[in-house]
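**Student:** Sequence:
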Amino acid sequence: MKRERKSGETRRPDKPRVAAALTYEDGPDAVPRVVAVGKGLFAARIEEVARASGVPVYRDPQLAWTLAGLGLDREIPPELYQVVAQVIAWVYYLEDRQPPVGAGGGRQGDRWENNRR
Numbered sequence: 014m015k016r017e018r019k020s021g022e023t024r025r026p027d028k029p030r031v032a033a034a035l036t037y038e039d040g041p042d043a044v045p046r047v048v049a050v051g052k053g054l055f056a057a058r059i060e061e062v063a064r065a066s067g068v069p070v071y072r073d074p075q076l077a078w079t080l081a082g083l084g085l086d087r088e089i090p091p092e093l094y095q096v097v098a099q100v101i102a103w104v105y106y107l108e109d110r111q112p113p114v115g116a117g118g119g120r121q122g123d124r125w126e127n128n129r130r
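Heads up, the sequence shown is in this note's numbering, so the first residue is 14 and it goes up one at a time.
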């Protein structure tokens with residue numbers, strides 16, 4: 014099953030808005046990949062398309078900038094597995110589904126509640 018994940022950020026005076034989109038397919042060797050990145054108006058468009066498509070938008074400015082720095086069609090590196098697994102688990106939480114084993118497990122309290130649609 015193919016899913017796209019979005020990560021965005023709020024505006025800060027010193028940095029333009031940025032968004033990154035991930036895709037992830039369940040499976041034993043599956044690794045999320047960056048499939049879109051954008052700054053400024055392109056970031057807004059990524060988030061707009063995500064919402065229109067029913068894809069959750071997860072707000073984490075630091076993660077968005079990190080993912081944008083990886084480049085397009087790149088698998089996330091092992092050092093980002095844990096934080097991205099938490100995003101995947103959050104999406105499963107929104108969908109009332111069980112996350113894949115090792116995907117951040119359990120609710121993350123206020124952080125997840127603050128990222129609800």
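By construction, these hints were calculated from the structure, which means they are not laboratory data.
Please read these numbers as outputs of a predicted model, since none were measured by experiment.
A few of these clues could be false.
[To be verified] The following label-pair restraints were derived from C-beta to C-beta distances: (1) G53 x Q111: 33 to 39 Å; (2) A57 x Q111: 28 to 34 Å; (3) P29 x Y105: 27 to 33 Å; (4) R64 x P41: 17 to 23 Å; (5) P41 x S66: 24 to 30 Å.
Yeah, the Cβ is synthetic: ideal placement off N, Cα and C, and Gly gets one too.
**Student:** Against each hint, give a clear statement of whether it holds in the structure.
**Tutor:** Do the hints match the structure? See the list:
For the pair G53 and Q111, the beta carbons lie near 37 Å from each other, so the given range of 33 to 39 Å is met. Separation of A57 from Q111 is about 33 Å and conforms to the stated range, judged on CB atoms against 28 to 34 Å. A hinted range of 27 to 33 Å for the beta carbons of P29 and Y105 is consistent with their spacing of about 31 Å. Between R64 and P41 the beta carbon distance is about 31 Å. The supplied range of 17 to 23 Å is therefore violated.
Between P41 and S66 the beta carbons are some 27 Å apart, a value that agrees with the proposed interval 24 to 30 Å.
Checked against the numbered hints listed earlier, the structure breaks hint 4 alone; every other hint is satisfied.
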